Amino acid sequence: QQQVKQSPQSLIVQKGGISIINCAYENTAFDYFPWYQQFPGKGPALLIAIRPDVSEKKEGRFTISFNKSAKQFSLHIMDSQPGDSATYFCAALETSGSRLTFGEGTQLTVNP
Amino acid sequence: DVKVTQSSRYLVKRTGEKVFLECVQDMDHENMFWYRQDPGLGLRLIYFSYDVKMKEKGDIPEGYSVSREKKERFSLILESASTNQTSMYLCASSLPGATRYEQYFGPGTRLTVT
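Chains A and B, in that order, are what the protein sequence lines are. Using the working numbering, read the first sequence as starting at 14 and increasing by one per residue. Using the working numbering, read the second sequence as starting at 1296 and increasing by one per residue.
Honestly, the hints are just simulated from the structure, not real lab data. Worth double-checking, as some hints may not be accurate.
Lysine to aspartate or glutamate pairs mimicking DMTMM-like chemistry, simulated, CA-CA at most 25 angstroms apart [what the hints assert, rightly or not]:
id: 1; chain 1: A; residue 1: LYS18; chain 2: B; residue 2: ASP1333
id: 2; chain 1: A; residue 1: LYS18; chain 2: B; residue 2: GLU1374
id: 3; chain 1: A; residue 1: LYS70; chain 2: B; residue 2: GLU1397
id: 4; chain 1: B; residue 1: LYS1348; chain 2: A; residue 2: GLU107
id: 5; chain 1: A; residue 1: LYS55; chain 2: B; residue 2: GLU1367
id: 6; chain 1: B; residue 1: LYS1352; chain 2: A; residue 2: GLU39
id: 7; chain 1: A; residue 1: LYS70; chain 2: B; residue 2: GLU1317
id: 8; chain 1: B; residue 1: LYS1352; chain 2: A; residue 2: ASP97
id: 9; chain 1: A; residue 1: LYS55; chain 2: B; residue 2: ASP1333
id: 10; chain 1: A; residue 1: LYS84; chain 2: B; residue 2: GLU1317
id: 11; chain 1: B; residue 1: LYS1298; chain 2: A; residue 2: ASP97
id: 12; chain 1: B; residue 1: LYS1366; chain 2: B; residue 2: ASP1354
id: 13; chain 1: A; residue 1: LYS71; chain 2: B; residue 2: GLU1397
id: 14; chain 1: B; residue 1: LYS1365; chain 2: B; residue 2: ASP1333
id: 15; chain 1: A; residue 1: LYS18; chain 2: B; residue 2: GLU1325
id: 16; chain 1: B; residue 1: LYS1350; chain 2: A; residue 2: ASP97
id: 17; chain 1: B; residue 1: LYS1366; chain 2: A; residue 2: GLU107
id: 18; chain 1: A; residue 1: LYS71; chain 2: B; residue 2: GLU1325
id: 19; chain 1: A; residue 1: LYS18; chain 2: B; residue 2: ASP1354
id: 20; chain 1: B; residue 1: LYS1352; chain 2: A; residue 2: GLU117
id: 21; chain 1: A; residue 1: LYS84; chain 2: B; residue 2: GLU1357
Since we're looking at a predicted model, the values are computed, not measured.
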């Protein structure tokens, strides 16, 4: 039933490197594609989001790339820092309501 | 700042017990959600509500029920807890409209059923 597939499940990156997390979706009735960041012991929090009519969105070191024809989107974290170590979830917002469908999550570890 | 609070951070219950998980938000949000989080499975939607006394089933409602008597409060009920309901439970809220992709989450309740 999972309509959003996320990979990899875990990722280890050196400080200063680029972290890349990928997601693919099946249903075309999605309106927005947010990414959430979750630190241990906390609930997820919105990191960045993109509309399907935009191919890229950048906020600081975080960039979403969106490929509508391939039904894929990805999160790039430039100059990764140990403080970026967290679990990242991609999600898709349904067009007709307020439900989010989440990917499986990626546990990112940035080594100093 | 939006604040979503959950009644317990950790809870241990026995099989067959009735379990209540409470969630309160202080930003007058219409939408409220209950998820469970399990490693490798992400966040899965159990139930949600767009208004007081309104509820809709999510993707995994079996074994759960909900109650929303007041706008700010959304309760998740496990009628007869089972070991396969051991999980992290997350409550979230959001506004309808253009920013509805932003959900505000509570810190979670780690439920263990023995």
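Evaluated hints:
1. LYS18/A <-> ASP1333/B: 15 angstroms, holds
2. LYS18/A <-> GLU1374/B: At roughly 32 angstroms apart (the allowed maximum being 25 angstroms), GLU1374/B and LYS18/A break the hint.
3. LYS70/A <-> GLU1397/B: 16 angstroms, holds
4. LYS1348/B <-> GLU107/A: Holds, at roughly 22 angstroms.
5. LYS55/A <-> GLU1367/B: OK: LYS55/A and GLU1367/B at ~20 angstroms, within 25 angstroms.
6. LYS1352/B <-> GLU39/A: Distance ~21 angstroms between LYS1352/B and GLU39/A Cα, so the pair holds.
7. LYS70/A <-> GLU1317/B: 36 angstroms, violated
8. LYS1352/B <-> ASP97/A: 34 angstroms, violated
9. LYS55/A <-> ASP1333/B: Answer holds: LYS55/A to ASP1333/B is near 14 angstroms, not above 25 angstroms.
10. LYS84/A <-> GLU1317/B: With a Cα-Cα distance of about 37 angstroms, the restraint between LYS84/A and GLU1317/B is violated, given a limit of 25 angstroms.
11. LYS1298/B <-> ASP97/A: Answer holds: LYS1298/B to ASP97/A is near 23 angstroms, not above 25 angstroms.
12. LYS1366/B <-> ASP1354/B: Cα-Cα ~23 angstroms, so holds.
13. LYS71/A <-> GLU1397/B: With Cα atoms ~17 angstroms apart, LYS71/A and GLU1397/B stay inside 25 angstroms; holds.
14. LYS1365/B <-> ASP1333/B: 29 angstroms, violated
15. LYS18/A <-> GLU1325/B: 29 angstroms, violated
16. LYS1350/B <-> ASP97/A: 36 angstroms, violated
17. LYS1366/B <-> GLU107/A: Status holds; Cα separation ~23 angstroms.
18. LYS71/A <-> GLU1325/B: Outside the cut-off at roughly 30 angstroms; violated.
19. LYS18/A <-> ASP1354/B: Roughly 16 angstroms between the alpha carbons, so the hint for LYS18/A and ASP1354/B holds.
20. LYS1352/B <-> GLU117/A: Roughly 20 angstroms between the alpha carbons, so the hint for LYS1352/B and GLU117/A holds.
21. LYS84/A <-> GLU1357/B: 30 angstroms, violated
In summary, the numbered hints that this structure violates are 2, 7, 8, 10, 14, 15, 16, 18, 21.
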